[in-house]
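Start from the sequences and build out the full structure, keeping to the hints where you can.
Here the protein sequences line up with chains Z and A, keeping their order.
Once you know that position 316 of the first sequence is 316 in this note's numbering, the rest is easy, because the numbers rise by one and skip nothing.
Once you know that position 12 of the second sequence is 1012 in this note's numbering, the rest is easy, because the numbers rise by one and skip nothing.
Since the hints were made in silico from the structure, they are not lab data.
Among the clues, some could well be false.
[Stated by the list, open to error] Distance condition first, Cα-Cα at most 25 Å in a straight line; then the derived SDA-like pairs of lysine to any residue: (1) Lys218/Z with Lys174/Z; (2) Lys222/Z with Glu269/Z; (3) Lys282/Z with Thr1090/A; (4) Lys183/Z with Asn1247/A; (5) Lys282/Z with Tyr1198/A; (6) Lys308/Z with Asp1237/A; (7) Lys286/Z with Asp1184/A; (8) Lys107/Z with Asn1247/A; (9) Lys174/Z with Thr1090/A; (10) Lys308/Z with Asn1247/A; (11) Lys286/Z with Lys1130/A; (12) Lys174/Z with Asp1237/A; (13) Lys308/Z with Asn1211/A; (14) Lys183/Z with Pro1246/A; (15) Lys1127/A with Thr1090/A; (16) Lys1130/A with Gln1239/A; (17) Lys275/Z with Leu227/Z.
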Amino acid sequence: MSEEQIKNLEAQFEERIARDEKIEPKDWMPEKYRQTHIRQMSQHAHSEIVGMLPEGNWITRAPSLRRKVALLAKVQDEAGHGLYLYSATETLGVSRDELYEQLHSGKAKYSSIFNYPTVTWADMGAIGWLVDGAAIINQVPLCSTSFGPYARAMVRVCKEESFHQRQGYEIMIKLANGTPEQKAMAQDALNRWWWPSLMMLGPTDAESIHTEQSMKWKLKRKSNDELRQQFIDQTVPQADLIGLTIPDPDLKWNEERQSYDFGDINWDEFWQVVKGHGPCNKERMKARVGAWERGEWVRDAAMAYAEKQQERREKQAV
Amino acid sequence: MKENLYKYILGIADNSLILGQRMGALTGHGPSLETDIACTNISLDLFGQVRSYYQYAAKIAGDGRTEDDIAMLRKEREYVNVLLVEQPDTDFAYTMARQFLFDVYHFMFLTELQKSKDLTLAAIATKSIKEVSYHKRFSSDWIKRLGDGTELSNQKMQNAIDNLWTYTDELFHQTEADKAMVKDGIGVDVTKLKEGYYKQVIEVLEEATLNIPESKYFQKGGKEGIHTEHMGYLLSDLQYMQRAYPNMEW
Ligand SMILES: [Fe+2]
Ligand SMILES: [Fe+2]
Ligand SMILES: [Fe+2]
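The following block contains the structure:
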């Protein structure tokens, strides 16, 4: 193809997106579009899978059978999200094994929030409420993103995430209305998860790269700072309602802006965790790599068995 | 209270509780995403059953105890699950062998329990058997895959079956409460399931190119509340919150 032809294709491609048409895997797409999507979608898939670990940590210790069942179902949903997202990413011509390899080697990132430890039961409430809550704010706009498989996966994922968010908040309500010890547990969890949740919406606009391109491709609709403000404005009243205090002395309603003003985010902490030095980065990777390595002989056996079965069927057919 | 019926329900429910607890612990650590999801599903099904049984047991006990009190606040000696289900997840072969050896029994047991004169138990059995038939298919498939997969997987599966075999006979052991319930037409006479059980198990093992263990030495005790050393640790996790924060609602 000549450069001229490629330019034409690119122009048509951008027009299709501007018209809100969906791009499907078999359609022509610029290489940069493909690579950007592989990166973002696989990063999202990895986040779902690594995100299973902090909550999985409380499955055996859930305080009641009802909560245990709900937690199991939630973590299983996250595995399901990982599965659709990996499958959607595979349509771009990369295999799940390659994507795992990128995760395990540290080349691919996942959401940093999952590098914080879950130290009490209340963390199950705080994660659902805040982390799934922030994820929804990030992801709802993706339901109408330009790449068809991603958009469709997001529609399904978002429905389940909002269920998780309500379930998490409900855990917090119960604790906040419980004994003083339970209420303190809830407050402590909010104290620990609040700032990392704000960081989850991404670096501040001044420091955020690839935003303009992402806007054009509808991978992003609002800036990180706008999303963060939306999250804060939505969450503060929910905390008030159950008598918990947001751990930010500078948090104040701004009548003029009709929004909350808030204190400085510790971006040094954010970058420290992103770069691999958070409280649990090593544990999370060890768990993922360990499961993968311990599973190798199982996957090999399944493959060998499937091949043998195939051979047997062929022999029978002869 | 109907002492024997209460004990009988625990005898059924505790198996699902302890196996559910084991399977749930694997969530996020499975050999592939698909098997991970399937193991969590089995755990979810088992806990669903557990809740129906303990809710019924709580009603029969009628002393204000809830399903959670029964599930999480007994002493180790008061849990009456079979030893098989508390065995640890040494590797994925053990996990699947434990599941398979239990599923074959569980399916046969629930098939009979559907005919119980106790309508609540019969209804729970009917609801659960669909799930258990799926569990059985899943675990049988893995026995075959691993048994007839690679040399290494065959070795590992053989090893798991050989080591867990000793816990199979207990499935057919009857407590006094069991016998009383059989007499009343409520309980299942498990002694009658034994022959069919080994027949089915052996069929699958043979198809999986595995050797049938020859050992005639069996372990029992779980049904009388005497457990293996693994049980205390499992219960420490299961009971942690209820013990650390007594008398609270979650
Ligand atoms: Fe998710
Ligand atoms: Fe997500
Ligand atoms: Fe979620």
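Cross-check of the supplied hints:
{"no.": "1", "hint": "Lys218/Z with Lys174/Z", "verdict": "39 Å, violated"}
{"no.": "2", "hint": "Lys222/Z with Glu269/Z", "verdict": "24 Å, holds"}
{"no.": "3", "hint": "Lys282/Z with Thr1090/A", "verdict": "23 Å, holds"}
{"no.": "4", "hint": "Lys183/Z with Asn1247/A", "verdict": "15 Å, holds"}
{"no.": "5", "hint": "Lys282/Z with Tyr1198/A", "verdict": "46 Å, violated"}
{"no.": "6", "hint": "Lys308/Z with Asp1237/A", "verdict": "42 Å, violated"}
{"no.": "7", "hint": "Lys286/Z with Asp1184/A", "verdict": "54 Å, violated"}
{"no.": "8", "hint": "Lys107/Z with Asn1247/A", "verdict": "48 Å, violated"}
{"no.": "9", "hint": "Lys174/Z with Thr1090/A", "verdict": "37 Å, violated"}
{"no.": "10", "hint": "Lys308/Z with Asn1247/A", "verdict": "56 Å, violated"}
{"no.": "11", "hint": "Lys286/Z with Lys1130/A", "verdict": "37 Å, violated"}
{"no.": "12", "hint": "Lys174/Z with Asp1237/A", "verdict": "22 Å, holds"}
{"no.": "13", "hint": "Lys308/Z with Asn1211/A", "verdict": "19 Å, holds"}
{"no.": "14", "hint": "Lys183/Z with Pro1246/A", "verdict": "15 Å, holds"}
{"no.": "15", "hint": "Lys1127/A with Thr1090/A", "verdict": "31 Å, violated"}
{"no.": "16", "hint": "Lys1130/A with Gln1239/A", "verdict": "29 Å, violated"}
{"no.": "17", "hint": "Lys275/Z with Leu227/Z", "verdict": "23 Å, holds"}
Going through the hint list in order, the structure does not satisfy hints 1, 5, 6, 7, 8, 9, 10, 11, 15 and 16.
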